[in-house]
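Novice: What follows is the residue order along each chain.
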Amino acid sequence: MNMLRSQNLRIVVILGLLSGAFILYTGAVGMIAAFHEREVVNDVFSLGQLLLMLAPFVAGFSAANRLGDAGAGPTILLVSGVVVGFLTALPTIILLLFNSDEYRGLLDLTLRVIPFVVATYFAWQMYRNGRDRQLVLGSWLAIAVLIGIVTFSFALIFEIKGDLRTVLVNINRDWVEVVTFDNRRELMTGIVTLAFASVVAGLIGGIFYLIPSVPRRALLYGLGLTLLVGAFGETVRLILQENLDRDTMREIFQRDTLRQRPALMLFIISTVVGFLWAKFGQDVQTSFSNMDSSQRRVVNGVGMLVFAGILLMLPWLIGRTLSDVAVTIGIFVLMGLGLNIAIGLAGLLDLGYVTNYAVGAYILAVLTSIGPLGRLDGVFTFWMVIPVALLAAMFAGFVFAVPVLRMRGDYLAIATLGFGEIIGKLAISDWLKPLIGGAQGVQAIPKPIFLGTELKNPEQLYYIVLVASLVTLFVSVRLNNSRTGRQWMAIREDEDVATAMGIDTARAKLLAFTLSAATGGVAGAIFAAKVGTVFPNSFTVFISINVLSLIIVGGIASNPGIVVGAVVLIGMPELLREFSDFRFLMYGALLVLMMINRPQGFIPSKLVTHEVRASVKAKLATAD
Amino acid sequence: MGLLEVNEIHTYYGNIHALKGVSFEVDSGEIIALIGSNGAGKTTTLRTISGLMEPREGRVVYDGEDISSARADTLVSKGISMVPEGRGVFAKLTVEENLDMGAYTRRDSGIKDDLKGAFELFPRLQERRRQVAGTLSGGEQQMLAIARALMSKPRLLLLDEPSMGLAPVLVDGVFDTIQRIANEGVTILLVEQNAHMALQIADRGYVLQSGEVAISDTAANLQQNETVQKTYLGID
Numbered sequence: 001m002n003m004l005r006s007q008n009l010r011i012v013v014i015l016g017l018l019s020g021a022f023i024l025y026t027g028a029v030g031m032i033a034a035f036h037e038r039e040v041v042n043d044v045f046s047l048g049q050l051l052l053m054l055a056p057f058v059a060g061f062s063a064a065n066r067l068g069d070a071g072a073g074p075t076i077l078l079v080s081g082v083v084v085g086f087l088t089a090l091p092t093i094i095l096l097l098f099n100s101d102e103y104r105g106l107l108d109l110t111l112r113v114i115p116f117v118v119a120t121y122f123a124w125q126m127y128r129n130g131r132d133r134q135l136v137l138g139s140w141l142a143i144a145v146l147i148g149i150v151t152f153s154f155a156l157i158f159e160i161k162g163d164l165r166t167v168l169v170n171i172n173r174d175w176v177e178v179v180t181f182d183n184r185r186e187l188m189t190g191i192v193t194l195a196f197a198s199v200v201a202g203l204i205g206g207i208f209y210l211i212p213s214v215p216r217r218a219l220l221y222g223l224g225l226t227l228l229v230g231a232f233g234e235t236v237r238l239i240l241q242e243n244l245d246r247d248t249m250r251e252i253f254q255r256d257t258l259r260q261r262p263a264l265m266l267f268i269i270s271t272v273v274g275f276l277w278a279k280f281g282q283d284v285q286t287s288f289s290n291m292d293s294s295q296r297r298v299v300n301g302v303g304m305l306v307f308a309g310i311l312l313m314l315p316w317l318i319g320r321t322l323s324d325v326a327v328t329i330g331i332f333v334l335m336g337l338g339l340n341i342a343i344g345l346a347g348l349l350d351l352g353y354v355t356n357y358a359v360g361a362y363i364l365a366v367l368t369s370i371g372p373l374g375r376l377d378g379v380f381t382f383w384m385v386i387p388v389a390l391l392a393a394m395f396a397g398f399v400f401a402v403p404v405l406r407m408r409g410d411y412l413a414i415a416t417l418g419f420g421e422i423i424g425k426l427a428i429s430d431w432l433k434p435l436i437g438g439a440q441g442v443q444a445i446p447k448p449i450f451l452g453t454e455l456k457n458p459e460q461l462y463y464i465v466l467v468a469s470l471v472t473l474f475v476s477v478r479l480n481n482s483r484t485g486r487q488w489m490a491i492r493e494d495e496d497v498a499t500a501m502g503i504d505t506a507r508a509k510l511l512a513f514t515l516s517a518a519t520g521g522v523a524g525a526i527f528a529a530k531v532g533t534v535f536p537n538s539f540t541v542f543i544s545i546n547v548l549s550l551i552i553v554g555g556i557a558s559n560p561g562i563v564v565g566a567v568v569l570i571g572m573p574e575l576l577r578e579f580s581d582f583r584f585l586m587y588g589a590l591l592v593l594m595m596i597n598r599p600q601g602f603i604p605s606k607l608v609t610h611e612v613r614a615s616v617k618a619k620l621a622t623a624d
Numbered sequence: 625m626g627l628l629e630v631n632e633i634h635t636y637y638g639n640i641h642a643l644k645g646v647s648f649e650v651d652s653g654e655i656i657a658l659i660g661s662n663g664a665g666k667t668t669t670l671r672t673i674s675g676l677m678e679p680r681e682g683r684v685v686y687d688g689e690d691i692s693s694a695r696a697d698t699l700v701s702k703g704i705s706m707v708p709e710g711r712g713v714f715a716k717l718t719v720e721e722n723l724d725m726g727a728y729t730r731r732d733s734g735i736k737d738d739l740k741g742a743f744e745l746f747p748r749l750q751e752r753r754r755q756v757a758g759t760l761s762g763g764e765q766q767m768l769a770i771a772r773a774l775m776s777k778p779r780l781l782l783l784d785e786p787s788m789g790l791a792p793v794l795v796d797g798v799f800d801t802i803q804r805i806a807n808e809g810v811t812i813l814l815v816e817q818n819a820h821m822a823l824q825i826a827d828r829g830y831v832l833q834s835g836e837v838a839i840s841d842t843a844a845n846l847q848q849n850e851t852v853q854k855t856y857l858g859i860d
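As you go down the protein sequences, you meet chains A and B in turn. Letter by letter, the first sequence follows residues 1 to 624 in my numbering. Letter by letter, the second sequence follows residues 625 to 860 in my numbering.
Just to be clear, a hint being listed does not mean it is correct.
Listing some non-contacts, in silico: residues in chain A with all C-beta distances to chain B over 12 Å [unchecked claim]:
| id | residue |
| --- | --- |
| 1 | V44 |
| 2 | R131 |
| 3 | A142 |
| 4 | G148 |
| 5 | T166 |
| 6 | K279 |
| 7 | Q285 |
| 8 | I310 |
| 9 | M313 |
| 10 | L432 |
| 11 | Q487 |
| 12 | A498 |
| 13 | T499 |
| 14 | M501 |
| 15 | R507 |
| 16 | G571 |
A partial selection of chain A residues facing chain B, derived with a Cβ cut-off under 8 Å [what the hints assert, rightly or not]:
| id | residue |
| --- | --- |
| 17 | E495 |
| 18 | E574 |
| 19 | E578 |
| 20 | S580 |
Honestly, the hints are just simulated from the structure, not real lab data. Glycine residues also receive a C-beta, built at the ideal position from the N, C-alpha and C atoms.
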């Protein structure tokens, strides 16, 4: 019993402090204050406050989850929620005190006391373990001095500068405003409010665990959807205003934020729908799998038709701004599908994919530009150059693949990374300046003309991306199921054994690199036509990394996964432009979380699921 | 004339002279054992024959054709199939997919029948046909590797240490199977540290010692040879 209790306490303390550290960190990098600018529900709470509450809620829930699974009763779970909530707020409260004028002395005191406390703790441990008294005393002194040097110098810095802000620039007025829930002037009230809110959120997390699973899932759907719509209020507004009249819009939105009544309605409706789905969803799925194949084909067909309809109508449904985002997403889907041939199918880690993108973009730019660098006077049209861009990218893929054919794994990745960098440097070089403009790039690239209409809007360009993606999708599915696909599969699994099977690995790898490059070229060409100008700084290593990440997040070798990955990693940042400072922070956090919790990606391919399961099974087998 | 003639081959790892003029012959239908201690050059010989390494001097002649510098993958369609050391199954593919991969070079319609044949030879594999190869036991993986090598319908089967890492009971089974495969007319070149087992099923054997053929004789005579008994069979 005692064991259980101390174990429980540890879980609660660790989770609480983790979420506390999360709050403190996001605050210190300025995320909370920046997120506060965006309101989720009008006059109720902002995205920053949502972040502030989400941490204790999640931590409270996971604490209850852990303890509940270990057999703790409801009272303990609720208490653990409260403790987690309080611990979440604690670091922030301490920082608030340090930062305030009245309690500045507290920081000084703490910094001066810390070394002695820590040293005494370690000395006490040593004493209990029966160490020599002189050694204990000596260690006490050594630890106190060592830590003291650090903390005393901090104390000195703060004393000289007179302010925390000089070190932590984002611990400023805005931050205080958010974390005290607008009680900056009444610091104590603010601190109590923060502690109270955090405790309540932790408690709700604990309660959430106690709710039976069906209503819990329903609530989760309802809350999730409402918060998502609120957080992306601007986007939702843009979509809705294409389809609703002005008065209705005003009922729902106050500028870009959701009004309270529609938010409540949305929450109720989505919770009810979520409840029905949680309760009967299983039955629907069973009855679907009980259908005979012809009926199932009908259902699938109808689904496909609806999906195709939405894809075709998309630009009209979402309007210009979002169509522009859709085109960007599409360009990355195209590259994702291409790179997936190398990475997903053949297992070749290519980190220089930007090469193909750049080649495609520059080929289109130079051949069609009507500016000073386009010496061909617009003889070539977009449509004539697309195949050229494709072939040129394939050629580039081929040329860069030849020297790295014998490399594997990490070495291959590093070599391809180098090629990507070379292309960037070539594009900006003086050597190629007469041809592709150096740092000034190529300008005045005309838009594609289709049957006499100039495709200048994103709504129109969308269709080019759509068609290109569908063709690529078709080709890559066919390839995957072919003899070539099997070659790649064997190489991905084990190159030596593949050779022993009679597979010409060099040829298969060349083919993979070459085909993979093709769509990169097309994507680059479309990008150039969309933007109208091509600059070397569009072609950085981040393009390669973006494409790789979207494949990993979506699910390696999974075509639907690539689309989801592109929407999440390319689309979301476009919609969250105002937070672009934190783009890579969120990106990294997402990747780490994905690798820990869902290494197979959002929508894993069947083969990969099979592989992940196999490796788990193999581990279990060796554990026997 | 033999199916495979290895003629004075010299193979190097960088500057290390690993094979110093190895010569031997494999006739059609024979089981030949290459025995020797660690580092004697057994695996190097096999890698040179199968095209994974190229000899600096000397020739490897298979069925009247010089294959000294042929690439490894081209040899499979010529009828040479290799079971790599340490089994090397595709751990993440199923048993059936592994076998399919073995028939990669073939385009005829007999693959299905041969799959059946493989399952007859190894009933354990049939039971586990949909299982992922990485989850098989060591002995089953060895069987799979052999069955997969047979899927390309080889005339010459190269086996690299088939008994490595297997429990003694399983070793018997593996050698039994090799004997049965030979009975169906496949020529076998076997590299083994387990000289005792290898010589029991082999027709003839070659003893390799620091990159050279030290002794060559029929398997029966080698088993009686005093040096072989002392050094490799552990008989005093």
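Novice: Run every hint past the structure and note whether it holds.
Specialist: Evaluation of the provided hints:
no.	hint	result
1	V44	50 Å, holds
2	R131	48 Å, holds
3	A142	52 Å, holds
4	G148	55 Å, holds
5	T166	55 Å, holds
6	K279	35 Å, holds
7	Q285	24 Å, holds
8	I310	36 Å, holds
9	M313	41 Å, holds
10	L432	38 Å, holds
11	Q487	8 Å, violated
12	A498	8 Å, violated
13	T499	5 Å, violated
14	M501	5 Å, violated
15	R507	9 Å, violated
16	G571	32 Å, holds
17	E495	11 Å, violated
18	E574	36 Å, violated
19	E578	44 Å, violated
20	S580	39 Å, violated
Hint compliance for this structure: hints 11, 12, 13, 14, 15, 17, 18, 19 and 20 are not met, and every other hint is.
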